[in-house]
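Number of protein chains: 2
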Amino acid sequence: MTDEATAFVPGHVTGFFTTDPADDPTKAGSRGGGLALADGVTVTVERSDERSVTLDGVDIEIEAVERVLDALRATVAVRAETPLPLGSGFGVSGATALGAALGTNALLERGLSENELVTIAHGAEVQAGTGLGDVVAQARGGVPLRLEPGGPQDNYIDAIPARGRVEYHVIGELSTEAILDGDTAALTRAGEKGLSRVVKEPTTESFLRASRQFAREAGLLTDDVRSVLEDVAAADGDGAMAMLGETVFTVGSGLTDAGYDATITEIHPGGATVLDSSD
Amino acid sequence: MTDEATAFVPGHVTGFFTTDPADDPTKAGSRGGGLALADGVTVTVERSDERSVTLDGVDIEIEAVERVLDALRATVAVRAETPLPLGSGFGVSGATALGAALGTNALLERGLSENELVTIAHGAEVQAGTGLGDVVAQARGGVPLRLEPGGPQDNYIDAIPARGRVEYHVIGELSTEAILDGDTAALTRAGEKGLSRVVKEPTTESFLRASRQFAREAGLLTDDVRSVLEDVAAADGDGAMAMLGETVFTVGSGLTDAGYDATITEIHPGGATVLDSSD
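Line order of the protein sequences matches chains D and U.
In terms of UniProt numbering, the first sequence has 163 at position 163, counting the first letter as 1, and numbering is strictly consecutive.
In terms of UniProt numbering, the second sequence has 159 at position 159, counting the first letter as 1, and numbering is strictly consecutive.
Since the hints were made in silico from the structure, they are not lab data.
Quantities reported herein were computed from a predicted structural model and do not represent experimental measurements.
Hints may be right or wrong, so weigh each one.
[Unchecked claim] Some chain U residues near chain D, calculated using beta-carbon distances under 8 Å:
#	residue
1	105
2	113
3	141
4	158
5	178
6	269
7	274
[To be verified] Over 10 Å on every C-beta distance to chain D, these chain U residues come out as not near it, computed from the model:
#	residue
8	81
9	112
10	184
11	236
12	261
Glycine included, C-beta positions come from ideal geometry on N, C-alpha and C.
Let the hints inform the model, and build the full structure from the sequences given.
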């Protein structure tokens, strides 16, 4: 019997997306495209007499994590560590929920499959209203193109076969819940357009172009993000806005070339995984 | 314009499988379970005036690779490097075919998606008769459970959420083509039984138990493999036979514990990937 189990879940920046509601949260979600990042969330789940969740050492309540622990009937201590900020478009809540699912399953020997655990975390994130597509993208890794919404039993995911350096620069936060609660019809039309462009030309260049166009068409581009993207373009860089955060990311060195003190990471080829479950 | 592109594809040992023929090679294949291995095949594709394929520096003809290069209309030099032996149940031909597809797409900017490249390599391997499920398993990584046959547009894959040390000991070769050309009805019945057992209990322990039972029921267990597995069991280890090779693998240290000079690797969590396509 082990006392703790650890999982790693890559970060995920979304470039464009749709909203696809459904009564069943495991069938609801979004289509879209994004990048899985080597900067992610390491989640350790430990036996405990009472439930607790910390993010970088600070007590926190993340609804999606609570819902995962409810579904797994787990009284455990969840410790999440990440270099990524919350609320800035990196899928930290979804990653913590998925890591809690993988870690709890390993620790308490719940005997669930990978797709079942992804489905639980995806449904929890959708019900919490904090994300629609991060969890399934983080389960796949790489540069996922989510062609159908929902959990792994319902969706269909392809990917751009690419690797490389990624930089990001966080300006501020945006509330996913506030935007998803608003009128999302125009956003979904813009997301569908972006997806069909990138499916025709699955390269990181076309992904970034479609993402910039989506941010404009969906009315989500802030003045500060626009200004940073102009600086990146002036330095011959290639970037876009992370959905949903006031964050700019580039594939390649566009942000540092433009003089920004950006954080450097890379596309993470693999999906979420337990770190060791052999003992 | 780059002069070469490199891809990494994990090795894959199959524990149990079915054969699922179909007229369309991208829909044909197998269901089953296996382990993706950190010991894999690194494939470098280089511009060239004539087509060539080498494996560990030696000229070789691998039909699945030729078919991939035909499909991509590519005149390139393919250099594959691997610590794994050919013909011993590690999916080296499928891995080389998939690596050639990923590398050629990146080098020649063919603009295909990940699933399209996996479909091409899977269909090539099926047509060559050298494998039925390795390519799609290598594209996923981890401990894939192939619940439906065929390429990514048709199949459904789940996985056992596990990591850990793997050891393997190669006794000799088995011809995949010879066995697949024979009567596979009993083999498929045994494979279906194994899969349904592991779906109910998706752990590495149940996977290895189902794999041992499959080898016996499908009549593929050789005397030498049986003898090694008995030694592993006597040392409290947990192993099975790699399909299709005269090879024993263990999750954990069962082979070295039993005194064998085994090769040590581990479950590879990610799938096949280009190594760098950013330049």
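For each hint, the structure was consulted:
| no. | hint | in the structure |
| --- | --- | --- |
| 1 | 105 | holds, 6 Å |
| 2 | 113 | holds, 4 Å |
| 3 | 141 | holds, 6 Å |
| 4 | 158 | holds, 4 Å |
| 5 | 178 | violated, 33 Å |
| 6 | 269 | holds, 4 Å |
| 7 | 274 | holds, 5 Å |
| 8 | 81 | holds, 18 Å |
| 9 | 112 | violated, 7 Å |
| 10 | 184 | holds, 26 Å |
| 11 | 236 | holds, 14 Å |
| 12 | 261 | holds, 21 Å |
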